[in-house]
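Protein chains in written order, with this note's numbering: chain A, 1 to 73; chain B, 74 to 146; chain C, 147 to 290; chain D, 291 to 434.
Among the clues, some could well be false.
What the hints assert, rightly or not - Here are the computed lysine-lysine pairs in the DSS-like style, where the Cα-Cα straight-line distance is at most 30 Å:
1. A:K3 - C:K258
2. A:K33 - C:K272
3. D:K386 - C:K272
4. A:K12 - C:K272
5. B:K101 - B:K132
6. A:K30 - C:K258
7. B:K76 - B:K101
To be clear, the hints were calculated from the coordinates, so they are not data collected in a lab.
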Amino acid sequence: MIKVEFLGPIGKEPVEIEASTLRELSSKLKADKELLEWLDICAVAINDTMVNNLDISLKSGDRVSILPPVCGG
Amino acid sequence: MIKVEFLGPIGKEPVEIEASTLRELSSKLKADKELLEWLDICAVAINDTMVNNLDISLKSGDRVSILPPVCGG
Amino acid sequence: MELYEGSLDTKEIFGRWLDEQSNSNYGAYIPFVGTIRAEDNIDALSFDIYEPVLKAWFDSWQKKAEERGAIVKMAHAIGDVPVHTSSYVSAVFSPKRRVALELIDEFVEDFKANAPIWKYDIIDGKRIYAIDRSNQMDGAGLLS
Amino acid sequence: MELYEGSLDTKEIFGRWLDEQSNSNYGAYIPFVGTIRAEDNIDALSFDIYEPVLKAWFDSWQKKAEERGAIVKMAHAIGDVPVHTSSYVSAVFSPKRRVALELIDEFVEDFKANAPIWKYDIIDGKRIYAIDRSNQMDGAGLLS
Chain A
1 MIKVEFLGPI GKEPVEIEAS TLRELSSKLK ADKELLEWLD ICAVAINDTM
51 VNNLDISLKS GDRVSILPPV CGG
Chain B
74 MIKVEFLGPI GKEPVEIEAS TLRELSSKLK ADKELLEWLD ICAVAINDTM
124 VNNLDISLKS GDRVSILPPV CGG
Chain C
147 MELYEGSLDT KEIFGRWLDE QSNSNYGAYI PFVGTIRAED NIDALSFDIY
197 EPVLKAWFDS WQKKAEERGA IVKMAHAIGD VPVHTSSYVS AVFSPKRRVA
247 LELIDEFVED FKANAPIWKY DIIDGKRIYA IDRSNQMDGA GLLS
Chain D
291 MELYEGSLDT KEIFGRWLDE QSNSNYGAYI PFVGTIRAED NIDALSFDIY
341 EPVLKAWFDS WQKKAEERGA IVKMAHAIGD VPVHTSSYVS AVFSPKRRVA
391 LELIDEFVED FKANAPIWKY DIIDGKRIYA IDRSNQMDGA GLLS
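Turn these sequences into a full structure, and let the hints guide you.
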């Protein structure tokens, strides 16, 4: 199982999803209509490392974070 | 009479010179061999305003400052 | 990297960083102090931070700075920060002026673009995500 | 513009400028602190300043900054400044980050190029003009 966390203003509780790549995780998350708009504008980290490639494979216990647009300072 | 001041490291006392333009002042100052090297690298102010034109006319009582290379900070 | 609940004590931070580096022989020290502006009827801004990714982002900048003989510092507020108080201080120390001036610019701009910090307006006690002033991070939209 | 005999009290200056602008609604405050590096066996650096032209230079920058909605500040030491102490602090306050970052760079660089300040190395009690590190001002060579 993959744990997916929604950071900052998304305000959604973490979910656990079965997926072996980010691509698979993406298609499962998109089933949730509420998330669609967020996914367009959010970046992604796996186990706190930012990633930019859908083909990354996932293993059980991985933690995926969904990061909405930022504005520190 | 024009008063000419030598600033910072030049270490030369002010002099009074008769001159009606900066061009005339320049040729008189160049008679002083000691000053030749300084004049190559120095900027000029008249009555504390930086200038960049030899044709500026001078009137009695004007104060000309000779400013060597700077390094504040 | 330093995180604080609420407004930063800017003077304390400035002075402590200065003292820490007093014998390091850096010729240039450039802090950037960010203060909450009174605008759009806000009483305060409020911040969420995701610390693990912020730490990784900061560590990568510390490495970039070291390669140029410099160091970077950063402090940020968590939670509510009233107008006219400070939420953010970052800084560069460098032997050389040019490196310091270029680095503080790059560091602050990349901070705005990629530090995992979310900003909210506090208006009449409500906390409203400032999405219009927020920036999508590098790689945004990957899962869309 | 502030001139001091000997090293600057950097913390006092930083804090006072911050306090003075605490209600001005500037979002960005960027000081630049210049500290004397220990190098080439110097014990200190020493500075001569020609104040009337420095004042005119500074006033012209204050005007340029105002046109961009910002203000500039400056403090410099006169006479001897020991290594590891500060000789120079300048700063920009601006509503906007981008203006502040660009202005501090331009202001500090033009200061190095055109502020009428002369630097000397203090080595074994001798005061030696640092001509190799000095810059000819705009218009240099006019009388040659």
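Here is how each hint holds up against the structure:
no., hint, verdict
1, A:K3 - C:K258, "holds (28 Å)"
2, A:K33 - C:K272, "holds (26 Å)"
3, D:K386 - C:K272, "holds (25 Å)"
4, A:K12 - C:K272, "holds (18 Å)"
5, B:K101 - B:K132, "holds (16 Å)"
6, A:K30 - C:K258, "holds (28 Å)"
7, B:K76 - B:K101, "holds (13 Å)"
Checked against the numbered hints above, the structure violates none of them.
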